[in-house]
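S.K.: When you get a sec, could you build the whole thing from the sequences and use the hints?
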Amino acid sequence: MLLNLHSYYSLRYGTMSLKELIENIRTNGYDTAVLTDINNSSATLDFIRLCTEAGIRGLAGMEFRNDNQLLYVGIAKNERGFKELNDLMTFANRNKSALPVIAPEFKNAFVIYPFGAIVETDLKDNEYIGIRPHEVNKFVVAPKKHWENYVVLQPVSFKRQDFQLHKQLRAIDNNILISQLEQTQVAREDEVFISREKLLELYSPVPKLIENTNRLLSECSFDFDFKSTKNRKTFTGNRYDDKQLLYKYAMDGFGRRYGANDKQAKERVLKELDIIDNLNFSSYFLITDDICRYARSRDFHYVGRGSGANSIVAYCLGITDVCPIELNLYFERFLNPKRKSPPDFDIDFSWRDRDEMYEYIFSRYQSEHTALMGAMGTFRDRSIIRELGKVYGLPKSEIDRLIQEPNNMLNKNEVTNTILSVYNQMADFPNQRTIHASGVLISDKPLTCYSALDYPPKGLPTVQYDMYVAEDIGFEKFDILSQRGIGHIKDCRELIRINKDVTVDTSTPKRFFTDPVIAEQLRSANTVGCFYIESPAMRQLISKLRCEDYLTLVAASSIIRPGVASSGMMQAFIERHLNPEKVEYIHPAFKEQLEDTYGIMVYQEDVMKIGHHFGGLDLAEADVLRRMMSGKYRNVNHLAEIEDKYHSNCREKGYPEHVANEVWRQMQSFAGYSFNKAHSASFAVESYQSLFLKTYYPLEFMVSVLNNYGGFYSREVYINEARKAGGNICLPCVNKSVYDTSIDGNAIYLGFDCLLNLENRLAQLIPEERKRNGAYLSLENFNLRTGAGLEQIIILIRSGAFRFLGAGKKELLWEAHLLLNKNRNTHSQVGQLFSTNAEKPQLPMFVTDELENLYDEIELMGFPVSGSIFDLAKSDYRGNADAETLASFEGKVVRVVAHLVASKTVRTKTGSSMKFGTFIDHNGDFIDTVHFTQSLQKSPLRGKGLYLIEGKVTVDYDCPAIEVYRCAMMPIKPDPRSV
10 MLLNLHSYYS
20 LRYGTMSLKE
30 LIENIRTNGY
40 DTAVLTDINN
50 SSATLDFIRL
60 CTEAGIRGLA
70 GMEFRNDNQL
80 LYVGIAKNER
90 GFKELNDLMT
100 FANRNKSALP
110 VIAPEFKNAF
120 VIYPFGAIVE
130 TDLKDNEYIG
140 IRPHEVNKFV
150 VAPKKHWENY
160 VVLQPVSFKR
170 QDFQLHKQLR
180 AIDNNILISQ
190 LEQTQVARED
200 EVFISREKLL
210 ELYSPVPKLI
220 ENTNRLLSEC
230 SFDFDFKSTK
240 NRKTFTGNRY
250 DDKQLLYKYA
260 MDGFGRRYGA
270 NDKQAKERVL
280 KELDIIDNLN
290 FSSYFLITDD
300 ICRYARSRDF
310 HYVGRGSGAN
320 SIVAYCLGIT
330 DVCPIELNLY
340 FERFLNPKRK
350 SPPDFDIDFS
360 WRDRDEMYEY
370 IFSRYQSEHT
380 ALMGAMGTFR
390 DRSIIRELGK
400 VYGLPKSEID
410 RLIQEPNNML
420 NKNEVTNTIL
430 SVYNQMADFP
440 NQRTIHASGV
450 LISDKPLTCY
460 SALDYPPKGL
470 PTVQYDMYVA
480 EDIGFEKFDI
490 LSQRGIGHIK
500 DCRELIRINK
510 DVTVDTSTPK
520 RFFTDPVIAE
530 QLRSANTVGC
540 FYIESPAMRQ
550 LISKLRCEDY
560 LTLVAASSII
570 RPGVASSGMM
580 QAFIERHLNP
590 EKVEYIHPAF
600 KEQLEDTYGI
610 MVYQEDVMKI
620 GHHFGGLDLA
630 EADVLRRMMS
640 GKYRNVNHLA
650 EIEDKYHSNC
660 REKGYPEHVA
670 NEVWRQMQSF
680 AGYSFNKAHS
690 ASFAVESYQS
700 LFLKTYYPLE
710 FMVSVLNNYG
720 GFYSREVYIN
730 EARKAGGNIC
740 LPCVNKSVYD
750 TSIDGNAIYL
760 GFDCLLNLEN
770 RLAQLIPEER
780 KRNGAYLSLE
790 NFNLRTGAGL
800 EQIIILIRSG
810 AFRFLGAGKK
820 ELLWEAHLLL
830 NKNRNTHSQV
840 GQLFSTNAEK
850 PQLPMFVTDE
860 LENLYDEIEL
870 MGFPVSGSIF
880 DLAKSDYRGN
890 ADAETLASFE
900 GKVVRVVAHL
910 VASKTVRTKT
920 GSSMKFGTFI
930 DHNGDFIDTV
940 HFTQSLQKSP
950 LRGKGLYLIE
960 GKVTVDYDCP
970 AIEVYRCAMM
980 PIKPDPRSV
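Mind the numbering: the sequence shown is residues 10 to 988 in our numbering, read in order.
Source of the hints: derived by calculation from the structure; they are not laboratory data. Among the hints, erroneous ones may be present.
Said to hold, decoys possible - Derived DSS-like pairs (lysine-lysine); straight-line CA-CA distance at most 30 Å:
#1 Lys-509 <-> Lys-519
#2 Lys-242 <-> Lys-275
#3 Lys-405 <-> Lys-105
#4 Lys-217 <-> Lys-147
#5 Lys-242 <-> Lys-467
#6 Lys-467 <-> Lys-105
#7 Lys-28 <-> Lys-147
#8 Lys-961 <-> Lys-924
#9 Lys-405 <-> Lys-947
#10 Lys-176 <-> Lys-147
#11 Lys-953 <-> Lys-913
M.R.: Quick look at the structure:
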């Protein structure tokens with residue numbers, strides 16, 4: 010009887026979750042229901058799964074609307090009908106077109122039109138007209154010829170008490186005040202669950218409608234197979250050829266990686282190939298390999314990671330650069346006999362290359378079988394208050410106050426009380442369908458078998474469900490990611506070739522692991538710009554560990570993660586690493602399984618090992634713990650069962666209760682997303698590649714960091730690093746600079762992209778025109794050839810981009826005003842090469858203060874280039890300590906003048922805020938600070954700038970920092986331009 014259910018996936022319309030829908034279906038006496046969310050099927054398969062578990066017959070459908078106009082409801086007779094509904098919605102999404110007012114001819118789906126929308130004589134055999142309860146009396150007296158064309162239609166969109174919430178959501182969706190909502194923009198107040206008994210009573214005057222509805226439902230079934238794999242099943246067209254091809258590729262790679270005589274490696278390769286074939290994962294490996302082969306053919310640098318990096322086959326194929334034998338990677342983390350889905354492969358590309366990789370994948374594997382993974386954005390925290398505040402007409406200032414000062418007495422009024430009363434109701438409501446950060450699905454059947462497809466701004470098809478639903482229905486995604494660190498490496502190699510005529514290879518990074526010069530660079534934490542190891546916290550950890558080798562860096566890459574750090578295991582690891590002779594193991598299983606990490610769980614697979622060997626869990630159960638850690642598991646009940654089994658096993662083994670509890674606590678702490686070892690190893694490989702380039706080619710490396718728009722820090726910090734490495738930092742120049750930063754010998758020319766207000770079109774045109782027709786000769790020549798307006802030329806003059814002319818900025822500004830006024834009158838044309846011979850006026854001598862230049866640079870680029878921020882300080886005082894001498898003041902109070910470049914706010918156990926600061930001293934070296942709550946309240950950090958800091962020096966494992974007592978921004982010299 011329920012042909013028209015809306016969940017809250019009918020975005021900003023429905024108010025009930027799937028579980029609430031199913032609970033109400035059952036309590037109101039129904040055994041069959043159709044989910045018909047508006048213009049999407051994102052929740053349909055999840056609904057079918059949950060209905061099956063609840064003993065309810067769930068069916069698939071969709072309600073089609075153009076804006077607020079209800080057109081018709083589609084109900085799938087079967088899975089083929091579900092695809093037809095999805096195809097219709099996908100067509101409209103792809104073409105950005107309205108849906109047809111009359112439904113197409115579905116072969117396997119029913120269509121129900123609203124009463125009055127269509128004449129019964131125009132109905133096709135599979136089409137009906139729906140009669141709502143309030144329309145029964147009107148229907149009875151209306152003329153009709155064919156009673157069999159009408160069915161019961163009781164839409165359900167919200168719980169009776171949630172009608173106001175529905176109206177608020179509709180106002181948000183239409184971006185209007187709630188008082189402006191029109192009748193056509195909201196549902197009727199009776200779109201709620203009523204009991205089956207009551208529904209039958211309402212339609213008792215027209216029993217034929219009940220009969221028609223039951224007949225329609227009897228013709229529908231939806232027996233979806235949730236167990237089979239939905240990924241593309243073969244790469245070559247059949248399993249045998251897949252097996253043979255993967256064997257060939259793997260053995261070819263084995264020869265390159267290990268030579269012909271490594272028995273241990275060969276045994277593992279053959280063992281893995283056998284398991285991969287038995288579990289039918291050959292296609293998944295071959296598709297991933299195909300993607301990587303294309304990347305190599307285009308000379309795209311990439312990094313393969315994820316659980317698949319535990320595989321020696323992946324290493325031989327060249328998907329990863331991590332040798333699982335060398336790192337003793339846990340084979341069962343990669344594949345175990347009970348695993349139903351293939352391992353994860355995450356492939357990182359440069360942000361510049363990823364779009365082309367997408368183009369290749371979608372072309373190679375066909376658009377109807379390839380799509381991006383969807384995700385669901387939800388109403389959270391501040392967004393709820395902001396959206397509700399707008400629909401109730403609150404000004405921005407009042408909304409800000411309600412968010413930032415919730416206890417302010419001015420917030421106590423009827424409107425804010427209304428907003429706060431629905432705050433918890435809306436929390437985590439789906440708000441908009443978005444795109445997963447990296448996931449790609451490659452399916453065997455067309456993807457519209459599983460949902461309609463969205464076409465977001467980039468135009469690539471995107472499934473309407475998220476990764477959890479994808480996993481539940483049998484998909485394993487391919488993660489195609491982008492990161493700037495890859496771009497650093499690729500661009501740096503090219504810069505080295507151009508600037509030094511040297512070809513550098515970073516594809517065999519093992520040689521970097523034993524380089525003593527790189528080891529010293531790592532030990533000294535001189536890692537700014539290097540992927541994953543440049544943040545203040547990571548540099549401190551490297552220093553404390555005295556890290557100088559690959560394996561230690563692999564561990565560091567994981568223990569920096571929140572799960573390990575928050576459990577206290579990071580501190581324990583540092584202590585044990587520096588004093589291995591003092592290590593005591595909590596149980597022999599810890600020594601046997603975790604001796605490499607001093608008995609500490611550092612990686613995700615360590616939890617699998619301990620859960621299995623200490624806690625008696627089987628590998629499948631231990632894998633659930635691993636998935637819990639990575640945020641990819643949502644069955645809380647299953648997790649509780651595993652916890653009970655773990656404690657039961659520990660009691661049977663006779664472990665002391667406090668020991669069992671402590672081990673479980675440590676395992677639970679990994680819910681903060683620790684890494685698997687292969688993942689950490691892949692990150693460490695990339696870190697070494699960056700570190701090699703920074704060590705031997707520091708200028709080219711820092712330029713490549715700038716041209717990939719940095720990493721953890723701002724542009725200013727990377728320019729400081731380049732200057733410390735011997736670079737001569739030059740302001741943009743119209744005759745030297747290109748769009749981005751360039752290098753010539755040790756001269757580094759900032760690009761036009763660093764000028765905050767320069768038009769992007771002009772920034773690209775300047776070097777292009779210069780390349781075509783030679784250097785610019787004068788302001789007039791530049792103006793005639795580029796067509797730059799006065800405002801843009803002023804920016805270039807003030808940035809120093811015309812300094813080659815030998816005239817001061819003020820003279821050039823006068824000339825620009827006179828020139829542009831003259832050219833405006835003569836209507837000069839862009840592209841004209843030769844200037845006129847008009848006589849230049851005689852100008853008085855102007856005096857320019859260097860301080861003016863610094864202020865110009867700060868305004869135009871965000872930081873001083875030709876000088877230092879310390880040059881702006883009124884006082885020459887620089888404190889009694891700096892980064893180089895700080896450790897010698899351990900336990901003493903120092904005063905330091907330094908420039909704040911980064912800060913991180915953290916919550917203490919009591920809920921108050923504290924901060925960690927990163928400063929640069931007058932020598933360009935880093936100083937780390939700690940601002941506890943009391944200090945932070947008295948002396949808050951007020952953004953980037955020059956500070957005088959007073960505090961006590963603490964040294965933790967030879968790593969100094971200042972525990973700040975008080976600090977304040979230094980007075981700076983006034984801007985002479987405003988005098």
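S.K.: What's the verdict on Lys-961 and Lys-924, does the C-alpha distance respect the 30 Å limit or exceed it?
M.R.: Holds, because 16 Å separates the two Cα atoms, which is no more than 30 Å.
S.K.: Verify the proposed pairing of Lys-217 with Lys-147, using a straight-line Cα cut of 30 Å.
M.R.: Between Lys-217 and Lys-147 the Cα gap is close to 16 Å, so the pair holds against 30 Å.
S.K.: So if I understand the rule, the pair passes when the alpha-carbon distance is 30 Å or less; does Lys-467 with Lys-105 pass?
M.R.: 13 Å, holds
S.K.: Is Lys-405 within 30 Å of Lys-947, Cα to Cα?
M.R.: 29 Å, holds
S.K.: With the threshold set at 30 Å, check whether the alpha-carbon distance from Lys-405 to Lys-105 stays at or below it.
M.R.: Cα-Cα ~33 Å, so violated.
S.K.: Compare the distance between the alpha carbons of Lys-242 and Lys-467 with 30 Å, and conclude whether the hinted pair is satisfied.
M.R.: 28 Å, holds
S.K.: Given the hinted pair Lys-176 and Lys-147, is their Cα-Cα distance within 30 Å?
M.R.: Roughly 27 Å between the alpha carbons, so the hint for Lys-176 and Lys-147 holds.
S.K.: Holds or violated: Lys-28 with Lys-147, Cα cutoff 30 Å?
M.R.: Not satisfied, since the Cα-Cα distance of roughly 35 Å exceeds 30 Å.
S.K.: Need the status of pair Lys-953, Lys-913: alpha-carbon distance at most 30 Å?
M.R.: 13 Å, holds
S.K.: Is it true that the CA of Lys-509 sits at most 30 Å from the CA of Lys-519?
M.R.: 24 Å, holds
S.K.: For the pair supplied as a hint, Lys-242 and Lys-275, is the alpha-carbon distance within the 30 Å limit?
M.R.: Status holds; Cα separation ~27 Å.
The structure does not agree with the numbered hints 3, 7 stated previously, though it agrees with the rest.
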